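S.K.: Sequence:
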Amino acid sequence: LSKGRLCDISGMDYDKIEKNRGIQWPYTEEQVKNGEEPVAGGKRIYTEDATFRFEDGKAKLIPLPFVDNNEVPDEKFPIWLNTGRLVEHWHGRSKTGKVANNNKFSPIPFIEINPDLAIEIGAKDGDYVRLVSRRSDAIVMAKFTNRVSKSMVFLPFHFHDCANRLTLGLLDPYSRQPAYKQQAIRIETIEDQKAAAQLSMEMREY
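The opening residue of the sequence shown carries number 1 in the working numbering; numbering runs sequentially from there.
Everything labelled a hint here was simulated from the structure, so no lab data went into it.
These numbers come from a predicted model, not from an experiment.
Check the hints yourself; a few may be wrong.
To be verified - So the derived label-pair ranges between C-beta atoms look like this:
#: 1; residue 1: 72; residue 2: 2; range: 23 to 31 Å
#: 2; residue 1: 14; residue 2: 194; range: 15 to 23 Å
#: 3; residue 1: 122; residue 2: 4; range: 33 to 41 Å
#: 4; residue 1: 194; residue 2: 115; range: 30 to 38 Å
#: 5; residue 1: 149; residue 2: 174; range: 50 to 58 Å
#: 6; residue 1: 21; residue 2: 51; range: 25 to 33 Å
#: 7; residue 1: 2; residue 2: 56; range: 21 to 29 Å
Even for Gly, the Cβ is constructed at its ideal location relative to N, Cα and C.
Can you make the complete structure from the sequences, with help from the hints?
M.R.: Encoded structure:
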């Protein structure tokens, strides 16, 4: 499938991947036939000895106008919601959510929240909380971390029933990327933690 493309990995097989603890692509059948071993040491591409595939060897950077979605935190929704990936999951978890070794690390949706913000709203580490946006709401577990600022929380988007309910339905007019990093929310504490935990687990069933 990859042969002849920029991401050509036709020279790889599982034995080589295991032996080298991963292989940087491209690594082609031709390289194997010529006796070339995979590059060791994480060689950087597009540096002095490699160029982009244009006649002048340079990358093409095309500036585009900024599109403002007009959603910013306010009195009712004072917190930025940022979404992104986890190492152990892929997109909507349709496969990784069924792999025990992957799923054990992050089996339920959670937010990373700054402890100072959590104290302000009355949430404890490990509590279930309700995220409310201008569109809908979602129940997630709060995990304390100093990796995020007090003005925002981070939500993995792999749990689609949470991320999709909260985020904007806008697409970038050029790349068609969804606006997963540009929404405002508020956070509410939940009195019945047992019911919240049960609901969260029920939503994970396939």
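S.K.: Next step is simple, just say for each hint if it's right about the structure.
M.R.: Consistency of the hints with the structure:
At about 42 Å, the beta-carbon gap between residue 72 and residue 2 misses the expected band of 23 to 31 Å. Hint check: residue 14 to residue 194, Cβ distance near 45 Å, so the stated range 15 to 23 Å is violated. Taking 33 to 41 Å as the suggested C-beta distance range, the pair residue 122 and residue 4 does not conform, at roughly 58 Å. Between residue 194 and residue 115, the C-beta spacing of about 24 Å breaks the proposed range 30 to 38 Å.
The hinted range of 50 to 58 Å is not satisfied by residue 149 and residue 174, whose Cβ atoms lie roughly 29 Å apart. Under the hint 25 to 33 Å, the C-beta atoms of residue 21 and residue 51, about 28 Å apart, fit the expected range. Look at residue 2 against residue 56: about 26 Å separates their beta carbons, and that is inside 21 to 29 Å.
Going through the hint list in order, the structure does not satisfy hints 1, 2, 3, 4 and 5.
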